[in-house]
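Keeping the supplied structure of chain A fixed, place chain B upon it in accordance with the hints.
Residue-level listing of the chains:
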Amino acid sequence: MDLTTTYLGLKLKNPLIISASPLSEEIDNFRRLEDAGASCIVHYSLFEEQITGEIYEADYYQTFGSESFAESLSYFPKPSQFILGPQEYCEHIRLAKKAVDIPIIASLNGHSLGGWTKYARHLEEAGADALELNIYYLATDPEDTSEKIENNYVEVLKAVKSVVKIPVAVKLSPYFSAMANMAVRLDQAGADGLVLFNRFYQPDIDLENLKITPNVLLSNSPEMRLPMRWIAILFGRIKADMAATSGIHTAADVLKLLMVGAKATMLCSILLRKGIDHLGRIKTEMVEWMKEHEYRSVAQMQGSISQRLCTDPELFERANYMKVLKSYHSGKR
Amino acid sequence: MERQKVTIDGNEAAAYVAYHLNEVIAIYPITPSSVMGELSDEWMSRGTPNIWGTVPVVQEMQSEAGAAGTVHGALTTGALTTTFTSSQGLLLMLPNMYKIAGELTSTVFHVAARSVATHALSIFGDHSDVMAARATGFALLSSCSVQEVMDFALIAQAATLESRVPFMHFLDGFRTSHEVSKIEKLTVEDMKAMIDDELVIAHRLRGLSPDRPVMRGSAQNPDVFFQAREAANVFYINCPGLVQKAMDKFAALTGRQYHLFDYFGDPNAERVIVVMGSAAEACQDTVEKLNQADEKVGLVRVRLYRPFSVKHLVDALPEGVRTIAVLDRTKESGSSGEPLYLDIVNALVEMSSQRKDRRMPTIIGGRYGLSSKEFTPAMIKGIFDEMLKADPKNHFTVGIKDDLTGTSLEYDEDFIIESPFGVRAIFHGLGSDGTVSANKSSIRIIGENTPNYAQGYFVYDSKKAGSVTVSHLRFGPKPIHSSYLIGRANFIGCHFFGFLERYDVLKELEEGGVFLLNSMYEHKQTWDKLPREVQQELITKKAQFYVIDATKVAREAGLGGRINTVMQTAFFAISGVLPREEAITAIKESIKKTYGNKGEEIVKLNYEAVDHTLAHLHRIQFPKEATSQHSRIEAVSSQAPKYVREVIGKMIGRCGDEIPVSRMPADGTFPVGTSKWEKRNIAQEIPVWDPDICIQCGKCVAVCPHAVIRTKVYDPALLKKSPGTFKSVEAKDAELKGLQFTIQVAPEDCTGCAICVDICPVKNKSETRLKAINMKEQLPIKDEEIKNWDFFLDLPESDRGLVKHSTIRGIQSLEPLFEFSGACAGCGETPYIKIMTQLFGDRALIANATGCSSIFGGNLPTTPWTKNKEGRGPAWSNSLFEDNAEFGLGFRLAVDKQSEYARELIKKLASSIGDTLVNELLSAKQLDEADIFEQRKRVELLKKKIARLKTPEARQLQSLADMLVKKSVWIIGGDGWAYDIGFGGLDHVMAAGKDVNILVLDTEVYSNTGGQASKSTPRGAVAKFAAGGKPMPKKDLARIAMIYEYVYVASVALGAKDEHTLKAFLEAEAYPGPSLIIAYSHCIAQGIDMTTAMSDQKNAVLTGYWPLFRYNPALAFEGKNPLILDSKSPKIPLDEFMYSQNRFKILTKTHPPRAKELLKLAQEDVNKRFEIFEQMAAQAPAAAEKKDQ
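Chains as they are written, first to last, in the numbering used here: chain A, 2 to 334; chain B, 85 to 1273.
Calculated from the structure, these hints are not laboratory results.
Glycine included, C-beta positions come from ideal geometry on N, C-alpha and C.
Check the hints yourself; a few may be wrong.
[Claimed, not checked] Each pair of labels, with its calculated beta carbon distance range:
hint, chain 1, residue 1, chain 2, residue 2, range
1, A, ASP142, B, GLU606, 25 to 33 Å
2, A, GLU26, B, GLY1077, 36 to 44 Å
3, B, GLU730, A, GLN82, 50 to 58 Å
4, A, LEU218, B, THR852, 18 to 26 Å
[What the hints assert, rightly or not] Within a straight-line C-alpha distance of at most 27 Å, the following computed DSS-like cross-link-like pairs (lysine-lysine) qualify:
hint, chain 1, residue 1, chain 2, residue 2
5, B, LYS688, B, LYS811
6, B, LYS860, A, LYS212
7, B, LYS804, B, LYS821
8, A, LYS166, B, LYS860
9, A, LYS79, B, LYS676
10, A, LYS79, B, LYS688
Only chain A is shown next, with the shape it has when bound in the complex (with noise of 0.2 Å):
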């Protein structure tokens, strides 16, 4: 069974990634992964708050209340080199890239053109194979308009894309008003590759102590449809990949997916939920739907279904919120 894909123009042995996520931050995980099967590992994220914020914090912390009085005109020792953020997660790279054989995906995750993308380089330099732009950022402005939004996000991966060489993907948010015009303009941008979706944590409320809460949930099988769509639907309209994320828990997840066009699929929230070591079972069980039904290759299946190449293109479309309507009513009856 081949099973291999080319995604960013990385040649991989299945299309089973492992998504940013705390998965990446042991090293002793990389390998692990690998030996379940992962064919790519997409390294936890740089954030761009750690490239800046961490330096305030770092000077703030070590100078505060310093050259004020007599007796203590500073409360530390002064290091001669701080090991900040950025450059341990440099060497995490280097480590992860010494540990495996299989590509590693770097996370650079932040919303404004700044410094911070010129991080970008030293990513590349400390080893990674690709570079995932997470842009994450919540309008919440009502000055911002979309087309100020979306240009921000052109620029900034315009930003990463002048200062490295290795493919670059773009993490996307689902909620753009024009979806598929934003996913062309990376691609005209230069996007190798298009990350679809990105979670938006959503915090919660403390209700006892009426504060909000910070709130991490993992992904539920059901939300890759929307990933699923959306890939069906840009499917051959853009030459960047497009790889899958966001609720992909089984086999048939992947197989789905990869049938509306993805060139591979993430898988993070069932690994922590369940272990790496279910990896290995994914894969297997998707081998033997597979075999089962006679494909030779992942390739083959790729973009069968997309919206371009099936037989209900409409179904991706409007018309769809009909026939979901219609399938719920009848099946009150």
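Here is chain B on its own, set in the frame of chain A:
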């Protein structure tokens, strides 16, 4: 050889050479020498080698006595060894110094000379410490300037190795140790050239070794001890010559020629000053000026004070000298003269008998500059003028006004001799706004980018929150000898507008000088906002007035409140010390150097601030007449008592130098309750109470570090005359039914830390961001809140008998007798002290170890210790750092003895007093407030009764009667004291079994001296002297104390469980034996968010890092297990606590693998310790102790 020019301070200059020339360095922190040890530790942790290519070992000790012992041991074993110290630290080293000298052991101690504590402690500079060591047999070599510090550190090392006489190389504390100056840096080759390796090997071979055993340190008898002492004479006779030899060799190497005594001035001088230390620099400036006016004056600098060479001194003096004034920077009460004076008198008397060719001059001696008192050219000219008189004053003082014994010399204060070349700039900064750092950077920029010489000296405040820094910077084409503050400035920067309201910022501005103001007002409005005096001074002095809103520029650039870069750029732009473009390039390079290791982003932000500065800098044209309608604020209110107004008020108004001798207490005793007169107004925001949602829990009152949040419960009828905005609600507690309740904030005393808001448990149900107490801008509500505060103070204190003393809720309305201290905003120590005073303050005696608590409690001008309306309150004193437990035990012994004597006298006078009263007085248990109240009434009755008696016993009893009321003795200090330097005494005092209450304010680091590791510092924490993270775990003081089985021990954390803290204080005080409370005290030195620090203590407990427990031996008497574990086993991993604090987190950024390893070990420490406590608490109690034990 071209040597690098560096701009560094005296401490670094000494440490640089000392580090490179030694193998072992034993250290202990003490201001102002701590930096020498800190730098050595940093260099060691970076692997910097000495000149022989090996990295010296730096070992922190538990005290200077310990450091000296270790130094002695390492020297005895043949290692090149050094130490650094000052003041009391040097005194603790004295016994070993006698030994080291007696054994002719080569070493150099580097001492930043500082006042020895007498009537008061002072961290500032004079020679009282080094003079106390002059009999040890150490050679004493004095440096006058930063360059000399580096040079003499090397010369001393060369000389000690050759002479075998140990050396004490001293520099003036602060004036030289902290002065930043451009100097020529000696190279490793210079050091190698000066140090003879053969002498090093000889030193090593004199060391003890079992391979060639000898014994040293014998005990000798009357038959030979004397002769043996004299046997060393030849080494002392040879020593001066060998020092000169080293100086000559050094001169050949560097071109800088020094002599044992260096003369400067007219070769035919008739009047000569002899002086030692940095004052010689000021004297040189003055002599040069006076020589230009043809005055025949000169100066002898004493370099080598011990061994004293009469010959070299006499040779240095001009032959025609008629009058010599010998200046001592020390005071020896009761002596016939100060030490240097006596040595000079002796030398010249000896000269007169041996050198008939020389005429005996008149010699006068005087004292100057104690505790860094300014010593200026005006004073020096005053001395020269005095020497012209037929009968000049001997044993004079200069620089003060002695209206008591008339010792002081008059002088013309307007004699100012600032160089007309270059820049003389003064900057007034606010606390840690970055002003000092920026100025240090400016000095480096100018020092390193221009041929100019540069000098910086920094004057700091006595407060830890909202303090004022004044920087004095000189730049010029000639070497700068001005070891005094700038008398006339051509540039003054004021970095905080509020200073203009409080004191004369423009005093030193010369005519036509530049005044740069950081103003929060729009530049066109700024003139109108100035007090009238400031306007007038600008007009009179024809000043060039510039304004910038640096705070805005900094904020917009993303730098928060740090305005340093902006003000520095503005200074360079206006002062013209460098061409503007060149200056900006240099500033940017400096920024890169400073912040480069922290990442490019922070560099970029600072660049942005630089680039935006010039656009916001405005020159202000002003009218020819002052227009302002308001004046500067008086330093203290006219309502203050006379002494506060006339003496303490002068200090508050920064005019303490004007206070004459007669107004100062001769024995260091001051009135309490003075901090309330020092209205500092440093908070931009203050807490405002919302009575509608307040649940009256008292938490905000409990945690307030400065006791500015107060509660009272009172009769509603008293509200009739309340100000319109005064807030009041019905008290909620059942026992307070019918009374009104108010929480009031002292608006001018608050530091704005906001810790009260963080701890408030109530949320506004309609607007959850609000609590029952919220921060609001101070200025708009200041006036009305002052009225409310005054009204509140006039309300009667809450009835102590009515409120519960066993709950935080109850004690909130007990009057604190510790208020408005100089502690940091958000301090974690002061709330514990405050609670103690609320509970027991009116009968407390407090022994306070030196450290943060002695400084915020006892540093002039004011004290936070206060008294109640009956005139009772805590009586407080500080003895030393190391002896506080013993000091407090002395209180207890005195109280017990006096109480016992009083009881004996009562029995003797029983017939006159009456049996009922006698019995009641003697049998009163005084277990609670009500009992104590009754006993006080009995004592008053007793006093009345015995007042009629005229017997000696009655008179004795009258003076002792108050001792019949139970006294509460508290021994308070930090972990540096309790775990390290004072542990021996603490242990003994606990063992002694007396009724003392020991409160350890445990910040887990030496906070006051700037964050050095103590034995309380936890594993994995970064601190000075533990730059690579402390490898060993925190000492378990509690368990050590528990071993005695009769010591009450509690571990508390107010922010985690306030009721538990209260319970521990009540139990500790009630326990009739020794009690030890170890109180978790968050601290700025931990690198934490001070606003949330109190509630963050919860994680200290939840992780098991700081278990809460009480070990009460009284329970054992009842047959119960004495240990009660009050917190649960660890719920969350330790890193959640540790990595919210810079002290731990920084290690993950500097030594990541080590941080990981130490975290693992630290977690094991916590788990293991908690398990031990769990086991102890679960054990079946031992058989009930007999009560008579």
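Against the structure, the hints come out as follows:
For A/ASP142 paired with B/GLU606, a C-beta distance near 28 Å keeps the hint of 25 to 33 Å intact. Taking 36 to 44 Å as the suggested C-beta distance range, the pair A/GLU26 and B/GLY1077 does not conform, at roughly 54 Å. Remark: the range hint 50 to 58 Å for B/GLU730 to A/GLN82 is upheld by a beta-carbon distance near 55 Å. At about 23 Å, the CB distance of A/LEU218 to B/THR852 agrees with the hint of 18 to 26 Å.
Pair hint B/LYS688 plus B/LYS811 does not hold up; C-alpha atoms about 49 Å apart against a cutoff of 27 Å. For the suggested pair B/LYS860 and A/LYS212, the alpha carbons sit about 21 Å apart, so the restraint of at most 27 Å is met. Under the criterion of a C-alpha separation no larger than 27 Å, the hint pairing B/LYS804 with B/LYS821 is consistent with the structure, at around 19 Å. Taken as a hint, the A/LYS166 and B/LYS860 pair is broken in the structure, with Cα atoms around 53 Å apart against an allowance of 27 Å.
Between the alpha carbons of A/LYS79 and B/LYS676 the distance comes to roughly 16 Å, so the proposed pair stays at or under 27 Å and holds. For the proposed pair A/LYS79 and B/LYS688, the alpha carbon gap of about 21 Å is at most 27 Å, so the pair holds.
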